[in-house]
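Chemist: Sequence:
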Amino acid sequence: MDFQLILSIILGLGLSSAVGFRIFVPALITSVGVHFNYLELADSMQWMSSIPAMVTLGVATVLEIIAYYVPVLDNVLDTIATPAAAVCGTVLMGSTIMEIDPLIKWPISIIAGGGLATTIQSGTTTVRAASTGFTAGLGNPVISTLEAIFAIVMSIISIFLPILAGFVILWLIYKLFIQKKLPREVKQ
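Add 1 to a position in the sequence shown, counting from 1, and you land on the number used in the working numbering.
It is worth saying that the hints were derived from the structure and are not from the lab. Cβ atoms here follow ideal geometry from the backbone N, Cα and C, with glycine treated the same way. One thing to keep in mind: the hints can contain errors.
Estimated spans, in silico, between C-beta atoms of each pair [said to hold, decoys possible]:
1. Tyr70 to Leu8: 31 to 37 Å
2. Ala61 to Ser123: 17 to 23 Å
3. Gln47 to Val88: 17 to 23 Å
4. Ala131 to Leu104: 39 to 45 Å
5. Val73 to Asp3: 35 to 41 Å
6. Val60 to Thr146: 36 to 42 Å
7. Ile67 to Leu162: 15 to 21 Å
Please put together the full structure from these sequences, using the hints given.
Modeler: What follows is the structure, given as C-alpha cells:
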C-alpha cells in the first residue's frame, strides 16, 4: 500500500468525520479545495470543482447552519441528517480514494466513511437531545456553534494536514468508544 493511498484514506476519513457534525460544510470545503487545486478527487467527482457546485453547496451550508439555531427544527434536522451523513460520508470518502479497484474502494467508503459519519452524527444527535432535555433547548445554540466550528476545522485540517486529521479521528474514537468502556479505576 503506497503512502498516497494511505493519505487519501485518511483525508476521506477526516472529511467523513466532519460530515458527522455538519453535512454540507465538508462538501463545500472539499469543493473549494478542488476548485483551487489544493485537492484532487476521483474523476467522477470533478463536478465538485465547478462554480455552480460551490454556489449550491454554499447555499446549502448556510441554510443548514442557520436551521440548527431554530428551536425544534434542530432536533428534526438531526433525524434527517443521520441517513444523509451516511450518504455524504460515503461519497466524500469514495471521492478521495483514487487508483484503487472499485470493488475495494466502495466497501471501504461505505463502511469507514459512511460508518464514521453516521456514528458521529448519532453522537451529536444524542448530545442535542440531552441538551434539549436539560436546558429546554437553550443550550442547543452553543452545541450547534461547536459542531459547525468542528466541521469547518476538521475539514480544513483533513485537506491540509491529513496526518493530524488522522490523530484527531483516533482521539474521537477513543473518547467516544474506548474511554467510556474502561473501568473507573483505569480512567483516573
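Chemist: Provide an ascending list of the numbers of those earlier hints which the structure does not satisfy.
Modeler: 5, 6 and 7
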